[in-house]
Amino acid sequence: MTLLLKAESITKRYGAVVALSDGGLELEQGEIHALLGANGCGKSTLCKIIAGTVAKNSGTLSILGRAVEIGGPREAEALGVALFYQELSLVPQLSVADNIFLGREQRSGAGFLDARALRRDTEQLIARFAEVAGAGFSADALVSDLSPDQRQIVEILKVLARKPRIIIFDEATAALDRNQVALFFAILRELKAEGVSSIFITHRMDEVFEITDRITVMRNGATVARFVTAETDRQAVVHAMVGDVTALAERPAARPRSDKPARLVLESVGNKRVQQVSLSLRPGEIVGLGGLQGQGQSSLLQGLFGAAPFTSGTIRLDGEQVRISRPSHAIGKGIAYVSGDRGRDAAFHGRSIFENIAAASFSKERPAMVWPGRLRERFTKAAATLSTKYAGLSAPIGSLSGGNQQKIFIARWLATQPSVLLLDDPTKGIDLGAKADFFALARRLADEGAAILFYSSEDAELLSLCDRILVFNSGAVAGELEGEALTAYNLTNAAYGRAA
Amino acid sequence: MNRLRSTLTDPLVLATLSILVLLAAGEALSPGFARGDQIVRLLVVSAILGLVAAGQSLVVIGGREGIDLSVGASISLGAVLAGNVMAGQDGSIFLAVLVAGGATFLIGLINGLGVTMLRIPPLVMTLGMTGVVQGALIVISRGIPSGNAAPALMAFVNRPLVFGLPGILILWALVGVLMWVLLRRTRLGYAIYAIGSNERAAELTGLPVRAIRTLLYGLSGLFAGLTGVIVIGYTGNSFVSVGDQYVLPSVIAVVIGGISLAGGQGNYFGAMLGAIALTLLTSVLTTLQLEFWGRQLIFGAVLLMLMLLYGRAGRLRA
Amino acid sequence: QDYKIGLSNGWVGSEWRTQMIEEAQAAAAAWAERGVNIELVIQSSDVDVQGQIGAVRNMINEGVNAIIINPNSPTAFDPIFAQAAAAGILVVATDAEVSSPDAIYVGIDQTDYGRKGCAWLAETLGGQGNVVTINGVSGHPANEMRVAGCRESLAAAPGITVLNETNANWDQAQGQQTMQNLLATYPEIDGVYVQDGMAAGAWRAIEAAGKTADIAATGEVRKDFLDLWSAGNYTSGASVNPPGVMASALNVAVLKLQGKEFKEGIFGGVYGNAIFLDIPFINNDTLADAVAAADGKPGHWSVTDELSVEDAEAFFQ
Amino acid sequence: MTPARTNPAMAALRNRVWLVTLSALIALFVINWILQPNLVTPNVLKSNLTVFLPVVLVAIGQSYVILGGDIDLSVGSIVALVNVVTVSVIAALGGGVPAIFAGIGAGILTGVACGLVNGLLIAGLRFQAIVTTFATGIIFGGLALRILPTAGLPVPAEYWRTYGGAVLGLPVVLWVLILALVIIAIIARRPFIKHLSAVGGLRQAAFQSGLPVARIRILAYVLAGLFAAFASLCLTGETASGDPLMGRLLALSSISAVVLGGAALAGGSGSAFGAVLGALVLGMIGNVIFFARFPFEYQTLIQGLITLLALAGGVLVARR
Ligand SMILES: Nc1ncnc2c1ncn2[C@@H]1O[C@H](COP(=O)(O)OP(=O)(O)OP(=O)(O)O)[C@@H](O)[C@H]1O
Ligand SMILES: Nc1ncnc2c1ncn2[C@@H]1O[C@H](COP(=O)(O)OP(=O)(O)OP(=O)(O)O)[C@@H](O)[C@H]1O
Ligand SMILES: O[C@@H]1[C@@H](O)[C@H](O)OC[C@H]1O
Ligand SMILES: [Mg+2]
Ligand SMILES: [Mg+2]
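Chains as they are written, first to last, in my numbering: chain A, 4 to 503; chain B, 77 to 394; chain C, 26 to 342; chain D, 173 to 492.
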């Protein structure tokens, strides 16, 4: 095997924050290499340094044994490096085709844009994803009109279109569903066969063992372990990542169905994307929303929260019919909503962690005046529940890694002590340790009487946390699993059951 | 070292430093420039700019490219209305404030509705509103006397009230405190930063984003109208374009005070210092014996230098 | 004979301009008594030079008999006035002279306006002392002419030192701020030349500094200021640029349209196409009359003066 | 299957907001025609085009800057500076035909240089665009006053006669418009326009995609300077003289024109062609007000109202 890329002793500081203290990575020709580690350990930073978008402070990079200085994304591209950005690098106002070929447009002889070639090449590229990409995915569609998974697909295609020899996929599967992931893996294998090397970052351990050849693990800004995938196991890898094992809680013993009166009852609610959904949720219950991605699960949660209000049906809370046409109504009634799309739905960029936590509590409690000193302790506690890694409440939210930010946004809602918790794929980008904490916390909240609706794009999460699961298809409930029936097999079956 | 660097690049510190440098320059160029009574007079002029900048700050912090270019027209409207209502009578000052503030608050609300409900970009909405208000002013000021400031109002602006300071300075300090309380000690203040920083996230935490933003434009109009009342107290009478000269300076004061035009950042103290720095600069330039074009060149260059110090966007390559 | 006359005003920033148009409208209406019906086509809005050229073009396309214009530039209208003249349209500029040989100017001599103000100042100071000036918009022709006239008068008094020349853009508040800064910088100011409405601002600053008794400064002629002037016992003097200049220009234009010929040798000015109107001057001696004349008028009303039809006839053969 | 996300007709419209501007323009034209029956005669049309052309040209340049997510408040001062440079160079070289060409060349270089200064400050030194171009506008205006303290310096008759005349049977002003349209058509078909949209749409993404972000933004400012220079040369042809205070309203009217033409002020969407239509709409509004013979004291108000309504209407359609 040839050593294609080598990163050694890479360091990177952001002011006082040390993002990387000793980043290292060795990538062989034609392999798929997993880069793993807890939130904030420096994976994205290392990748961006390799792709030229972040400047390192020290350390060396070499390609095929020759030391290289990568001064920007263009230089990286010239060296054959392409990065799938965790936060994506797409321009919302441009079409799918324009985005895929941005900066490397096909030109006619006179240097004009060759629109026909652009369309042809794009259609060739997107054809592979036609089956799994869902409605509205075409060469001319504007990226701003696409769903998160479709955007990830565009980012994948954009990377592929650059025909690189080194591709870094930074959480490329985070928003993809099973089918989409399968197709993506097929492509990874083809690339491998062509001799292209891939670095693959994910927080899903199954994916690591399914597709990668070798594994590099980082912890606290340093590379701490390397494995050959076939010669190791989950336990060992997780151990390297977190120091001591805090594995995902195993599926708990089925709990007796609570006989308390329902906290939340939906009767045939619907809007543009949800049809006639009815369900009932008791205090202490965690109900999962399953099925393929984009079947209306998020829309149901957003409808219930008043962000995309229902246009039909009724909502009852503790027996009383309520009207929820905007989030403030929901918050006032003790409902909380945690979104997985933190950059868009949650982060107050540039503001302090304090303010980021405070927002929901203020809406709930409606104080006229604010005395930050008196709230500090309470918010510190809220942030601590998920062992968030942060410098202090007055540090800006942007100084945290993606995963740690997400913990803050969960803390934001915990601070309101909600009685109904709506979780919309809340663990996106959260590391294993935090995920375990989070699940334990969700359980505890349920045990204390909260009612929880939980949507996750990962079946394993649903299976390990939920008392029962409603399986969605095309905006409607296609089935319900409970008790003994809660198995991965049944869940997959139900999801595909009535799908076209 | 890092702390030192971040202190030195703090907009508030920079604005304060620029003020000291300008004062020193003024004193060096013409001894007596930095005399107490002269500083008080400069502060009076700064206060007028500072009051408009209060509204401008709110609108800019509130985000979504927030900017209010109609403040000039609203100042003129406030001045003309106040002048007409007061007609030189002390007894009518309160009513004048009410009428001027009420009318401009309404205009601001209309701006806000255009920005929030019709989603017109603020720059365009408030620019368009400027034309409408100016037009309306020409219509209403015709035939009606432009009116005079009441003597008590003029004394409030121009004459010492307490500790040798004119009432307007006390008022300005009060506005500074109120703005701080609003932004840092009320839920509304936190909400303003939140909507300025991420509107969708603000909605999802239950904030009435449109109502708040509309209110911000209303407040900007209100501040402009009140500034109009002060302006007529400063100049004695008013004319239809009296507010024009404050429009871009109010934006600049806000920017050199460290309030990012991207929204969700900064505070009113910065804008106050910005207003003082800008007024000082203008006045230092007046005392230079230079041709007009020379003053313009220096003015532009100093603005650019202030931008160089800290009004810069971050590097794309971190 | 009936006429269609275009009035173009390219700046609406002050009541002076409103009064200018209202007086022109009144003058046009008054012609009805003489059996002449005048239809006015008025453009009055904030425009830049090409915007005002656009208005003139529209007037030409509309087929007016004459165009009376308060121009935004002295030179920029040369080509368009040539086209108007070619179409048989009479063009009369007012308030600011124009270089076009195809137009005439009826208004005051802005150079003389400045000359008179500064001559008064020099004389009042007894030819001795320190002077500062506060001028209007730099680069604006009327301003440049006034500045030139003022400099001429001051140069004639060798005992006078000009400490600083500044601009406050014909804006009263800026005039006040500028005066403040000047007072702070130069404790030894004896006299101030300040144009137009800015004078009210400057005087306010002088008053705030408690120097009304020590400083002589030019003034302005709106009623508001006349009242202050007499109440405060200022030492002041003001050249008057009457808003009636456009009405005067209109009267001249109608007579010309009626086929009368101008007398020989009445044209002067920078471009040799100007008929100058008298510049009334108000000083402490004549102030009482001016205050009386302004009695009952609104505060923004400016002392005015306009050429009657009879006076205008004096320019014709 | 699930329904398509947006109605295709509306989606098409969203990408061609200028269609709406065009409809508004046609409507205004018809109203103007009713009020002014001789509108559709060659002379009157040419006369109107002559008036609108400077705003059209400045708006084209402004549209590139805005597409890139920036703004240029200095274009009016650039117009003034180019004008005084052009007339001064012509006068200094004696006013012959070679002097005229030298003057035009100097003017264009001046415009480009001003654009370059803006671009270097804003994209190179990463200054805030609004305040920076406000400051450079003051500087350019100051320089114009330095070069020509007050209006004057007539240009030779060859210059303005040619500008006001015809070539190959068509008015020169029409040729200028055609040339401008050809230039924007060429630019619209270059990769540059996509890159500029990306830079204006999401700067970080454009950078991560390997685009030379600073160079692209600088080029947009240079284009703005260049088109401001073209506008200034036209104005010089129209006014036949120098005026250091020329163009003071052009910055704001060009921005209005760009927005009327369907561009997002935040950047990333819009077109130069839309800006052309937007500028024509602004001009036609002025005409309609003139010919509708409103009382003079209402003219500013009505102009303000119609402009605001047009801006609001354009934005509304663009957003749906
Ligand atoms: N622009 C920045 N400014 C300041 N600190 C930063 C910045 N970007 C990253 N960091 C810090 O650098 C560290 C590494 O972040 P990075 O994004 O590389 O983590 P990661 O391993 O990709 O985490 P995740 O799994 O959550 O995506 C974190 O502590 C983060 O807070
Ligand atoms: N704006 C829209 N208008 C109409 N239909 C839509 C729209 N957005 C999505 N859909 C379709 O409605 C169905 C429900 O999708 P929806 O987005 O509500 O699911 P979701 O769980 O929220 O998925 P996501 O993960 O994309 O947020 C999908 O088939 C989707 O293609
Ligand atoms: O006298 C001034 C006049 O010349 C100008 O044109 O308009 C405003 C007046 O103050
Ligand atoms: Mg990451
Ligand atoms: Mg979803």
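Since the hints were derived computationally from the structure, they do not count as laboratory data. Take the hints with a grain of salt, since some may be wrong.
Over 10 Å on every C-beta distance to chain D, these chain A residues come out as not near it, computed from the model [said to hold, decoys possible]:
#1 T56
#2 P95
#3 G106
#4 R110
#5 A142
#6 N182
Distance windows between CB atoms, simulated [claimed, not checked]:
#7 B:V116 <-> C:S333: 35 to 45 Å
#8 D:I350 <-> B:L366: 42 to 52 Å
#9 A:N223 <-> B:L392: 56 to 66 Å
#10 C:E177 <-> B:G370: 22 to 32 Å
#11 C:N62 <-> B:L366: 26 to 36 Å
#12 C:E177 <-> B:L392: 41 to 51 Å
#13 A:G335 <-> B:L194: 37 to 47 Å
#14 C:A173 <-> B:L237: 48 to 58 Å
#15 B:L366 <-> C:A173: 17 to 27 Å
#16 B:L194 <-> A:E72: 19 to 29 Å
#17 A:D143 <-> B:M381: 43 to 53 Å
#18 B:M381 <-> D:G266: 38 to 48 Å
#19 B:Q165 <-> C:F292: 32 to 42 Å
Just so it is clear, the structure is predicted and the values come from calculations on it, not from any experiment. C-beta atoms are modelled at their ideal positions from N, C-alpha and C, and glycine is treated no differently.
Let me make sure I understand: some of the numbered hints might not hold for this structure. Which ones are they, in numerical order? Per hint list: 1, 2, 3, 4, 7, 9, 11, 12, 13, 14, 16, 19 violated.
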